[in-house]
Amino acid sequence: MTKRLPYTLLFIVIAMWVMMGVLRPFLLETAQLTPFLTTKVFAQEMMARHTWGWLLYAASFLQSCMFLPWLGASLLTLVLVAIAYATRWALRLPDSCFGLCWVAPFLLLSRFTRMGYLIYTSKEVAVAFAWPLAALLLLLVLGLAVKGLRALRRGPAADGHKLKGLDLMLLGLSFIAFAGSAYRMWEQTYKDTNFLNALQMKQAIERDDWDEVLRLARDNRQEPTRLQVCFTRLALYKTGQMGDRLFAHPDGSAAYNAPEQNQWLRLMGAQLLYYHLGKTGFAYRWAMEDMVEYGERPMYLRTMHRVALLNGEEALARKYEQALSHTLFYEQDTNILEQEATAIRPLLNYTDQLDGDNGLIEFYLLQSFALTEGGSRQMVELSLMCSLITKHLEGFWPRFMALLPGWQGHIPTHYQEAALMVAQLQGGVDTSQLPIDNEVRQRFERLVEASAQLGDSGSNAYTLRAEYGDTYWYYYFFVEGLKTT
Amino acid sequence: MIIKKNKLQERKAITPLSRREGLGVGLVCLLLFFYSCSTSLPQQAEEAGRMAKMMPDNNGATLPPNLAPLNFEILEEGDAFVTRLSTKAGEELIVDGRSLDISLKDWQRLMASAVGDTLWTDVFVREDKRWKHFQRMANPVVADSIDPYITYRLIRPSYVMYEELTLVERCMENFDQRTIFDNMPMSKGNQGQCINCHVPQQQGQSGRSQFHVRQAYGGTVLIDGTQVRKVNLKTDSTLSAGVYPAWHPTLNLLAYSVNETGQSFHTLDPQKIEVIDYASDLILYDPEKNEVTSIERTTNDFESFPTWSPDGRTLYYISAHHELEGESIDADLDQNYQTLHYNIYARDFSPETHKFGPRRLVFNAEAMGKSASTPRISPDGRWLLFSLADYGQFHIWHRSADLCMISLENIERLESLESLNSPESDSYHSWSSNGRWILFSSRRADGNYTRLYMAYFDKDGHAHRPVLLPQRSPKYYTQLLRSFNAAEWMVRPFGPSPKALDETIRQTALQAKYAGSALLVPENDQAISNAKITKQNYHNIYENN
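Residue numbers (our numbering), protein chains in the order written: chain A, 1 to 485; chain B, 1001 to 1545.
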């Protein structure tokens, strides 16, 4: 027992640290990507579709508990520890070989921790728990078989005493196996910073915690992916900072550290982006498309429930509400929903369109808003910003003027910058009558002078970035191409 | 009289016989007696003055004698529930519990006694030690039976993705169902396929039926008894492989529409999707010769959803006329989809020569500002049943879609069939072999998930209140996140084994030959109409490969 306890404690510390310390947002996400409903229909479908349906049902139940990461991590660790002990028991290994018993638990743990983005596209049922439960079951059967065989032979147990002479060597080998598999598991664990940061952003959005999204954007030290850029811009819009801060945030397009680059923004962000930006039909569409592919994941049910509520489809909303009430943890907080809905309703004030996004979510949203005319104040501001991002300046002044009275003296900085620039480029508007900050005017004058002095645009971009990198001017003149995925 | 505990609580059930025995032998049975008293009807009950809320609510629906038990759940507040089902002839079944699971044997006895009359349902609910009696529910029971089987697709109300779907056969006389084909096991990675509607010839009386496979393993699967083969109906001279099928009632022939179909999505409208034909024509397929001939082949007319008259001498179908505005038909129709109005047309057919006569208008929906789809003729040839909506032809996504009917003896009169319809989409329908039952799809429960209903259609041409396809668990429909799609009656079970289907689908399809026009006097054959489809992201959802 004394030889077993250190291994056990060490494994628990490592497993809990990886799951709770490093992969906590991943566990939370795994929970909402795990279909599990306490309905008879769900159980029957699981049994009918899979040979080991009852085992997968149990595995799905346990995996759903990752909604509480400490609980999910503890349950998985417990199963993995049980595997190690069952291995020793089934194979009748001496304590000196106990380190070897942890190879399988580490391998099984890494099967889950290395998933990363692939958790979204995996059709494997309960990827974290299914194999460990199956392994545990297999070991128990094996152990009982070995026990049965021994009872038949009635011979003395071939226990550890014959191996005593080898104990030291086995102990060493055993420890190396333990350490090696722990290292291998750690090495394989998907620790991509952008991925974990994007997950945290996504989960903050789901909590309607927009300040947290911006904090996460600020704290991220890497070039962001388009998904992170989209989430950040959405948070800036939601917190009323879009006009002041959008171009100050990095407009990165870092590659997703996963194959098939084009699908991750859609899989992780489409439902949230469309829902919060009033394209509810498209949010529902992608939730349903993904439910066809990946089953009744709580994430999709939540989107469809919210959209049905916003659309006033009461019977449909009740259906999803009932489905969510049969999940373990996703019964809805109606107060949060009402708060969310109040913020979204102004964006629903437009004529329905028949359209398609071809899976290009960011591009579609930008184009759609850039080409929108009229609507609520929120829609006009999104139209103005998206036309700035897409550099379609034709409709700038009508939108700007429509919004001007509502700004009550303080025009958001980027719109001031755009007004000066558009007036300079197109003429026809006297900006001296507009309430533009002196600091912005002076910056713009300095930029015009600097541009005149400097040569080609390539060298301008480098030189001017330090001073003007947070302005719309810099974005308009020096950021080439529209970055979308 | 039968007094039964709910089957869900069968372990506690006590029959009147055991109660009498129990009274005579001792304490244990005395306890059982006291317990069993709760299964009898309350001595006194106040009248609630309204119907009980229940799920599903089939009050007033006309029932066939051979339908599976109509289990339901009482949605009233209360701590005890008793339901009495009874007939005028004196049969009675008393069941306790909120959720009913009536045994097949008891149900059949009740239904046999109720034929030609009414099945009564009385619900009693106890709350705060007082019993309430709700208004009696009445279900007329007719002698005309339904066909014993149906087939349908069980599918998410999906858009473009389609991998997770099954073809299912359900026995209507009990709750048995089996999967004819499961699409998932055959789909590997991106190599998925879509299985389209299973359609039998004459409700399966001949043993012939067909369904399509799209994308990977694409082809049309033809079934004759237990024999299966796969053919590719796409030829260089036709728009696509066969899409919406219609078996000739007696000959081994099928009419199909061939369609260039795309989907676009509403940003706000709860109708969510438009399925639009950018081009469509009609073909005739002869399985014995493996030949395809053209029935309709036009650019500005979109023909679809063919169906035969029961004598096999007329082919009915829908068609809309649209003159292209601009350069691309898909961009044009994505903008103007609400202007597409389909009428019902017909062509006479000679079973001897396999040739069609000229086209004639049967029902002018456009004149009413409406659009007709999925025409189906009753087996006695008297009635033309179809769905009618504000525009388009894919009415499952149109909330305005209702079932309508005209008498082929008096085509001027449109029957609106109010007893069948709802504010949500009511569409795809099928006649039973005796012509007395209409099976149809409706989204009336929640606007999104399609459920199947059956309505009695009497000899006088009146449709009665429909009944929801019964399930063993009353909660089934609220828990099921799938739609019932393209249901068809079957008089006998589907023949081939899943293994035979699987093997055939994996084989290469036999290529059909194009053999010219099927018209007696060939009309102006025009260019294949997909030349004007320019949308870059366009996929024909009915393309085989």
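Each hint should be verified, as a subset may be incorrect.
[Stated by the list, open to error] Taking beta-carbon pairs under 10 Å as the criterion, some of the chain B residues facing chain A (in silico):
id: 1; residue: Val1160
id: 2; residue: Met1161
id: 3; residue: Glu1173
id: 4; residue: Asp1176
id: 5; residue: Cys1197
id: 6; residue: Val1199
id: 7; residue: Gln1263
id: 8; residue: Ser1264
id: 9; residue: Gln1271
id: 10; residue: Leu1340
id: 11; residue: Asn1343
id: 12; residue: Tyr1449
id: 13; residue: Ser1473
id: 14; residue: Tyr1476
Treat the hints as calculated values from the structure; they're not laboratory data. Ideal placement from N, C-alpha and C gives every residue a C-beta, glycine not left out.
Inset, instruction - Answer holds if the nearest beta-carbon of chain A is closer than 10 Å to that of Ser1473(B); otherwise answer violated. - result: OK, holds: Ser1473(B) within 10 Å of chain A, min 6 Å.
Legend entry - Evaluation of the interface hint that places Val1199(B) against chain A, nearest CB under 10 Å: For Val1199(B), the interface hint is violated, since the closest Cβ of chain A sits about 23 Å away, which is over 10 Å.
Legend entry - Status of the Asp1176(B) interface restraint (C-beta, 10 Å, chain A): Violated. Min distance 14 Å.
Inset, instruction - Go through the hint on Glu1173(B) and say holds or violated, using the shortest Cβ distance to chain A against 10 Å. - result: For Glu1173(B), the interface hint is violated, since the closest Cβ of chain A sits about 21 Å away, which is over 10 Å.
Inset, instruction - Tell me if Val1160(B) is really an interface residue toward chain A, meaning its C-beta lies closer than 10 Å to one of theirs. - result: holds, 6 Å
Legend entry - Closest C-beta approach of Ser1264(B) to chain A relative to 10 Å, hint status: Holds, about 5 Å.
Inset, instruction - Would you settle whether the hint for Gln1263(B) is holds or violated, based on the nearest Cβ-Cβ distance to chain A being less than 10 Å? - result: holds, 8 Å
Legend entry - Given hint Tyr1449(B) near chain A, where the shortest CB pair must fall under 10 Å: Result: holds, 7 Å to nearest chain A Cβ.
Legend entry - Given hint Leu1340(B) near chain A, where the shortest CB pair must fall under 10 Å: violated, 12 Å
Legend entry - Hint check, Met1161(B) versus chain A [nearest Cβ-Cβ separation less than 10 Å]: holds, 4 Å
Inset, instruction - Please verify that hint: Asn1343(B), Cβ, nearest Cβ of chain A, below 10 Å or not. - result: This interface hint is violated because 23 Å lies over the 10 Å limit.
Legend entry - Per-residue hint verdict: Gln1271(B), partner chain A, C-beta under 10 Å: This interface hint holds because 9 Å falls under the 10 Å limit.
Of the numbered hints given earlier, the model fails hints 3, 4, 5, 6, 10 and 11; all others are met.
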